[in-house]
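Visitor: Read off the chains here:
Protein chains: 2
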Amino acid sequence: MSKIPVMEIFGPTIQGEGMVVGQKTMFVRTAGCDYSCAWCDSAFTWDGSGKDLIRQMDATEIWNELTSLGGVGFSYITISGGNPALLKNMSSLVHLLKEKNIKICLETQGSKWQDWFLDIHALTLSPKPPSSGMETDFQVLDKIVDRLAEAGAIQNGSLKIVIFDDSDYEYAKMVHKRYPALTFFLQVGNDDIVTENRQKLMVSLVDKYESLVEKVMIDNEMKNVRVLPQLHVYIWGNKRGV
Amino acid sequence: MSKIPVMEIFGPTIQGEGMVVGQKTMFVRTAGCDYSCAWCDSAFTWDGSGKDLIRQMDATEIWNELTSLGGVGFSYITISGGNPALLKNMSSLVHLLKEKNIKICLETQGSKWQDWFLDIHALTLSPKPPSSGMETDFQVLDKIVDRLAEAGAIQNGSLKIVIFDDSDYEYAKMVHKRYPALTFFLQVGNDDIVTENRQKLMVSLVDKYESLVEKVMIDNEMKNVRVLPQLHVYIWGNKRGV
Ligand code: SF4
Ligand code: SF4
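Each protein sequence line maps, in turn, to chains Y and L.
Using the working numbering, you'd call the opening residue of the first sequence number -14 and step up by one each time.
Using the working numbering, you'd call the opening residue of the second sequence number -14 and step up by one each time.
Keep in mind the hints are simulated off the structure, nothing from the lab.
A couple of the hints might just be wrong.
A pair holds if it fits inside one copy or across any two, identical chains being indistinguishable in the list.
As the list claims (entries may be wrong) - With a Cα cut of at most 30 Å, we get these calculated DSBU-like pairs of lysine-lysine:
#1 Lys193 to Lys73
#2 Lys185 to Lys88
#3 Lys185 to Lys162
#4 Lys158 to Lys36
#5 Lys128 to Lys208
#6 Lys185 to Lys(-12)
#7 Lys200 to Lys185
#8 Lys158 to Lys193
#9 Lys162 to Lys36
#10 Lys193 to Lys128
#11 Lys36 to Lys193
#12 Lys88 to Lys200
#13 Lys128 to Lys97
#14 Lys97 to Lys185
#15 Lys36 to Lys200
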């Protein structure tokens, strides 16, 4: 079987953000990203700092590690990265999980289509706003959204934009208008990824969440929108692998 | 047109809990409940203390008030109570909102079926656990779930159980097993509905959320489960009408 570059496998824990926020899930984090966002909270997957953690694993090996950690207590897997959509052979894991009756949640910036997207239960497309320093290729994103729609799977997809500043907010508005059929999430950016004082971090994040909520509430162009924080950061702060 | 007993109309704000958590929405709260839960956070809808607030309004009057508050900036309405499912003539409002292309979220304990449930986009059934002091009529709840399934609308429904103590948790498990087809939410009970110190409340609620998450993570019988806090309480504490 072909190998997938795995950065970490952990859980069960909760999915702290996006369309299945709160879901009990295992995590598989892959290595490698075609972006290098200024505020990436998992830069160790692509900047070389985590290269000793990478293991080349086939689908069966990943499954064995998932069950050795999670036993029989899970029915949901989140695949994250990096950008897991870079991996064509992710199809092997996706198909194995389907066989085992496991639902899959996956997040990608939407810079690449893969046919196995159609077997993902909750596919979050998270194009990156200006503050990331990245440029969105809207032709690729259009194609992804079109293919989901053609396959009748649009309800399995959603858009999520992380907001750090006003130009990110304007970008989010533009994306929302471009893809009105997709459930649309706004997420508060966490620009403090070092503070380990959980209580201080919590209060400052709730304040930021409140500001974003208030902005959306008075904005007539933001109607069918969901505004969410990152719940795992409320609980665990900036610790990794929980 | 027949009249609906309205307790309050407010928004736009966010839906702080359940299956569309984070959604920008207007709220219509109806008066009257067939339960009297020990920890009801909207007892003013049924215990007489809010009776001077009740207005008998027809669907058009409700719509006019919604638009005068929310302008053109909303596309989602949450109908809450009390128990809005007591009102057969809620159909008039539901149909008017459908005409206007507004999606509807509604929560009820599941003690009564109404045909207009089939026009609700996000129907949360929230049967009450032992700590409420109430008894669930599972025959009625079975019927509601069966009817949703027959109409092919099961994905529009979800179950939400509020957890205050261990026996509530056992009750939740039993409900989850009884209705495996429904998306299942666990919500942390807020037993402090008087503290106005927002920061103190926030920290204590996140701690309770963490405890519930940890309980679910090690429980093999709780697999396809979503655990959520009440986000509006994080932001606004125990204030009403925001
Ligand atoms: S796309 Fe995601 S993983 Fe890649 S650099 Fe940006 S934030 Fe990091
Ligand atoms: S069912 Fe809801 S509104 Fe009625 S008493 Fe219980 S908590 Fe309050």
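Visitor: To test your reading of the hints: which numbers does this structure violate?
Guide: 1, 2, 3, 4, 6, 9, 10, 11, 14 and 15
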